[in-house]
Amino acid sequence: MAYVIAEPCIGRKDGSCVEVCPVDCIQPLKEDADWATVEQLYIDPAECIDCNACTESCPVNAPFPDDQLPERWAAFAQRNADFFAARG
Amino acid sequence: MRAAVVGAGPSGFYAAGELSAAGFAVDLYDALPTPFGLVRAGVAPDHPKIKAVTRVYDKIARRPGVRFFGGVEVGRDVTGAELAERYAAVVYAVGTPDANALGIPGEDGPGSHAATEFVGWYNGHPAHTSHDFPLAVERAVVIGNGNVALDVARMLVLEPEELASTDTADHALDALARAQVREVVVLGRRGPLEAAFTNPELLELSALTRAEPVVAAEELEFDAAAAAAFAAEQADPGSAVPRRIEILREYAARPSRGASHRVVLRFLRSPVAVERDADGAVSGLRVAVNRRVASAGGGGGAARFEPTGAEETIPCGLVLRAIGYRGRPLDGLPFEPARGLVANDAGRVAPGTYVTGWVKRGPSGVIGTNKQCAAETVARVLEDRAAGLLGEAGDADAAAVERWLRERVPAVVSWDGWSAIDLHERAAGEPHGRPRIKLVEVEEMRRRAVS
Chain A
440 MAYVIAEPCI GRKDGSCVEV CPVDCIQPLK EDADWATVEQ LYIDPAECID CNACTESCPV
500 NAPFPDDQLP ERWAAFAQRN ADFFAARG
Chain B
2 MRAAVVGAGP SGFYAAGELS AAGFAVDLYD ALPTPFGLVR AGVAPDHPKI KAVTRVYDKI
62 ARRPGVRFFG GVEVGRDVTG AELAERYAAV VYAVGTPDAN ALGIPGEDGP GSHAATEFVG
122 WYNGHPAHTS HDFPLAVERA VVIGNGNVAL DVARMLVLEP EELASTDTAD HALDALARAQ
182 VREVVVLGRR GPLEAAFTNP ELLELSALTR AEPVVAAEEL EFDAAAAAAF AAEQADPGSA
242 VPRRIEILRE YAARPSRGAS HRVVLRFLRS PVAVERDADG AVSGLRVAVN RRVASAGGGG
302 GAARFEPTGA EETIPCGLVL RAIGYRGRPL DGLPFEPARG LVANDAGRVA PGTYVTGWVK
362 RGPSGVIGTN KQCAAETVAR VLEDRAAGLL GEAGDADAAA VERWLRERVP AVVSWDGWSA
422 IDLHERAAGE PHGRPRIKLV EVEEMRRRAV S
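In order, the protein sequence lines correspond to chains A and B. Quick note on this note's numbering: the first sequence kicks off at 440 and runs consecutively. Quick note on this note's numbering: the second sequence kicks off at 2 and runs consecutively.
No lab work stands behind these hints: they were computed from the structure. None of the hints are false.
Here are the simulated EDC-like cross-link-like pairs (lysine to aspartate or glutamate), alpha carbons at most 20 Å apart as the crow flies:
| id | chain 1 | residue 1 | chain 2 | residue 2 |
| --- | --- | --- | --- | --- |
| 1 | B | Lys50 | A | Asp506 |
| 2 | B | Lys60 | A | Glu486 |
| 3 | B | Lys50 | A | Asp489 |
| 4 | B | Lys50 | B | Glu163 |
| 5 | B | Lys60 | A | Asp483 |
| 6 | B | Lys50 | B | Glu162 |
| 7 | B | Lys60 | A | Glu458 |
| 8 | A | Lys452 | A | Asp483 |
| 9 | B | Lys50 | A | Asp483 |
| 10 | A | Lys469 | B | Glu377 |
| 11 | B | Lys52 | A | Glu458 |
| 12 | A | Lys452 | B | Asp237 |
Not the full set, but computed from the structure, chain A residues with beta-carbon under 8 Å of chain B:
| id | residue |
| --- | --- |
| 13 | Val459 |
| 14 | Cys490 |
| 15 | Asn491 |
| 16 | Ala492 |
| 17 | Cys497 |
| 18 | Val499 |
We put the beta carbon where it would ideally sit given N, CA and C, even for glycine.
With the rest of the complex left out, here is chain B (with noise of 0.2 Å):
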């Protein structure tokens, strides 16, 4: 029987290896020809060890059965009624694309961004390319309190030199040398002990070279609401907000060390307008301070935030937002828009048709929460061959397959295709002490793919 899995991102490949392991034939489709998803266009370029999760992927993509077949984009190329047509179960890996808005007045216009534009920029994502952002401004102002907040931090305040030898794509890093940014101010719309951001993130910031952490003690105290939620953390052995509140109060304790350049944590500020200039350009960020409100009945429900009536406006020149992602609606599969998902029931959607990862189940986790998410889905196509209900159209001759699909996208990308890209972008990094320099054009990607 064969299947295919739209998506080769990590959770895609989770759910290629598990289908591969049931004894399934594994189409494994990607819109680019470049497969791993957000590890190849999110992971930080300042985090290659985390990258080399690639070589659990490439095993996968390596065994028999399994196939590649990048540059196809489902929607453009083929649609999922002519997959469903040529597999008896396709799983949707396609993960959540769009950054969630912040619905503030002046947010749309230029320099105030999603924070995917700027990461999709610097790692060479091809939809990426062209941006242009202020980066001759003095203060940037990044919103939100996860780990994509401080990664795009440390993008903006790391040294050009630190940057040479990192993967990141060339464009940016011309763009980044050039760039002015001092102080990058990250907000939290809470306070610190629900930040989202990790504590080896955290860490980070006081090993910058040319940056230092900056927390202001009074954001850091605790009122009675906010003591009794940090007593229950310290009562949970797992609890990693400890030693998050442990940093942070370190950080609030340090003199200065006189740097150059600064990452500014400040809690408790929502954005309420992006302010512009007569040119229209970025000139501050309004936020409203709030506070924390005890929840009815002392710490049962998630802590609740709300404004205090004051506002402040915080000068700057660049504004991206990092507050999540949603899904896209895919033609033909039941629609959340709530949620932003694929409505579905842990992975089926309906028995032939699944989903698993982000599109499943929200942008959250990290990657190794997709093989998991993986294994749930894989148990509803098993469920469903088991019941008989995946039909015939997985009997369809996996050469009949490829001859239509190369029909449809002459110059679609196979596995030993996307070796040649590999093999090309690390053989072009290699004199430079680079660990690769990212072709960042499809078509240049196809050419590389067969030559």
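The following block holds chain A by itself, in its conformation from the complex (with noise of 0.2 Å):
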């Protein structure tokens, strides 16, 4: 299992979450080149290790384990997936 930054991410990227992550699995970083042109935040499944962290951090309920994920947001599950398999 892993967690998925779903929807409400979209546009807000708080960034709490990446301050509480305790893997650091979490990105775009603030200092990060891409961080203010992606619309959303994505945790990287291969590293999370379902802590809960950037669930409680999060104002706007965006963090979801994937089997609590929103039906009609499951396609976020493949982006915070490709998000990694893209940056390599």
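Could you use the hints to bring the two separately framed chains together as a complex?
Quick look at the structure:
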């Protein structure tokens, strides 16, 4: 399992999640070149340890455990994975 | 410049990482030969993925300039003053190991324990191997509404077969396999709106193979004050409370599936006395029923709860309290007894002496909360370095420090020594499909570390 950042993050990118993630698996970071241009933040499913810290800190409840992801946002699971596949 | 970090749990590691990044050589001490603090000794065995955070700490420990000294207890083996003589900065990351007491009659004695003892016991902490919990009882009561309370409830109802594939300590696996607990009652002083447990843990209660969650619908009814508080949560897009209430209402509405075991969530109940039979064994927990009091000015401050006058007794044979933790006074450091913490200003105790983690800010937050906490504390260290306040103690020769330490603690455990322990534990677990079989005796850990 892993967490997925879904629709509520779009256009928001609060970043509290990045600060509390114990394994630094949420990107981009504020200092990254692409931070300004991405529409949301993403969780690396290969690194996520399911600790729930991101969900607790998010002011808009954007992250979900992948088995709790609302149906209408199912596509976000792949979107999060794709971001890291593209980054390589 | 050299810095010492006392305590190799998450908060100590994040501090070591920040100090190392700022150019300090870091010596990381722990009283146990095994690092990782509550990640090893606190996180429940059925949450193995969270323990993967140790890969981050392993990277920090392996950085050039970072050394681990395990099995060294500050206060027993070396003193804080001796560390201050050898390091430019000493950062204490020692946590809050003491459990809060209820302060009720009957609390002391067999069968009534801090959850920390039970958790330390099933997680193989060397200081908690010899507890004898009365598990041949039908009902256990867990006092508290945080994730520790739910961890403990799960460990009491998980099937032996489920536990057998975890890193639960062997002595606990044996005892829990023989346990006869059928019902665990989890008590909260306040209401469901105030519960501190998180939704994933609440959801886990419906995924247990032989136990089902039980919630009384009437305890989820809101009076006007609670309804107003709930409305405020519903209006907050970041609140976890609406989902929590949704889950609890679903539990209350769901018919029993006839499971052999139950985890019963009861709210608005405060423990008043632990009742004991003629042999001194726990026979029940007397509780007071509470009600929510509307706060003056409508919704401004935190909700208050007061007794209604009604009381009831819950028959049980085991009482575990999971109601928060306190730090211990450390020799030479100013202590705030009211809060159970070392007095500090954003992490600084005095130039050269710092705190981070729970001993600095109280037992709150999650593993990752310690990242920012450590950054804040290390910012104080850097301010003091820039201001020339760290003195020359930190110029002591690294090899000389190690020689001094080895004279004091000949069996001090290095990171390679921990790796040997780790390898041994994992190899022992592998043929049984377990992540590891933990060593639970310090002397055995020390032996493995050098073999």
